[in-house]
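Just so we're aligned, residue 1260 is where the sequence shown starts under this note's numbering, counting upward by one.
Just so you know, the hints here were simulated from the structure itself, not pulled from any lab data.
From a predicted model like this one, the values you see are computed outputs, not experimental measurements.
Note that beta-carbon positions come from the ideal geometry of N, C-alpha and C, so glycine has one too.
Pairs of lysine-lysine residues, derived as DSS-like cross-links and limited to a Cα-Cα distance of at most 27 Å, are as follows:
| # | residue 1 | residue 2 |
| --- | --- | --- |
| 1 | 1349 | 1339 |
| 2 | 1307 | 1321 |
| 3 | 1349 | 1337 |
| 4 | 1323 | 1339 |
Estimated spans, in silico, between C-beta atoms of each pair:
| # | residue 1 | residue 2 | range |
| --- | --- | --- | --- |
| 5 | 1382 | 1305 | 52 to 60 Å |
| 6 | 1317 | 1338 | 23 to 31 Å |
| 7 | 1285 | 1313 | 36 to 44 Å |
| 8 | 1283 | 1306 | 30 to 38 Å |
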Amino acid sequence: MRNFQQKDRFWRILESWPILIILSVLVFLFAFGIINFLGKMRETAHNKRVVEAEVLELETRKEKLQNDIENLRTDEGKEKIFREDYGLAKEGEGVIVVVEEEGGKDESQNNKKGFWVFLKNLFRKE
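With the hints as constraints, model all of the structure from the sequences given.
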C-alpha cells in the first residue's frame, strides 16, 4: 500500500500547475529552437547554392583565361589580339573604320512609331 501511495504522490506532483507550466515553457522553447534551426538550415542551403554558382562561374572564367594565355604564347594569338583590340595592322595593310551615321537611326525609329504618330504628323505644320 505504501508503494502505491508513493506513486500517487509522484503523479500528483507531476500534474501540479507549476510543473505543468514549467514543462509547457520548456516545450515552447524547444519548438522555438527547432523553428529557428530550420530557418538557418534554409538560409544555409540558399547560400550554398549561391556559392556553388559563383564557383562554377569562376571555373569557366579561369578556363577562358587559361585559353587566352595559351593563345598569347603564340605569334598568331598575339597578332589576333593586337588586330581586334587595338586596331593595329601590319606594314602595307590598310585599316578600314566603319562609322554609323546618327541621322540614319532617327529616321528608322520614326518609321516604326505607329499609326498615332502618323496622324499626329499629318496635321502638324512643318
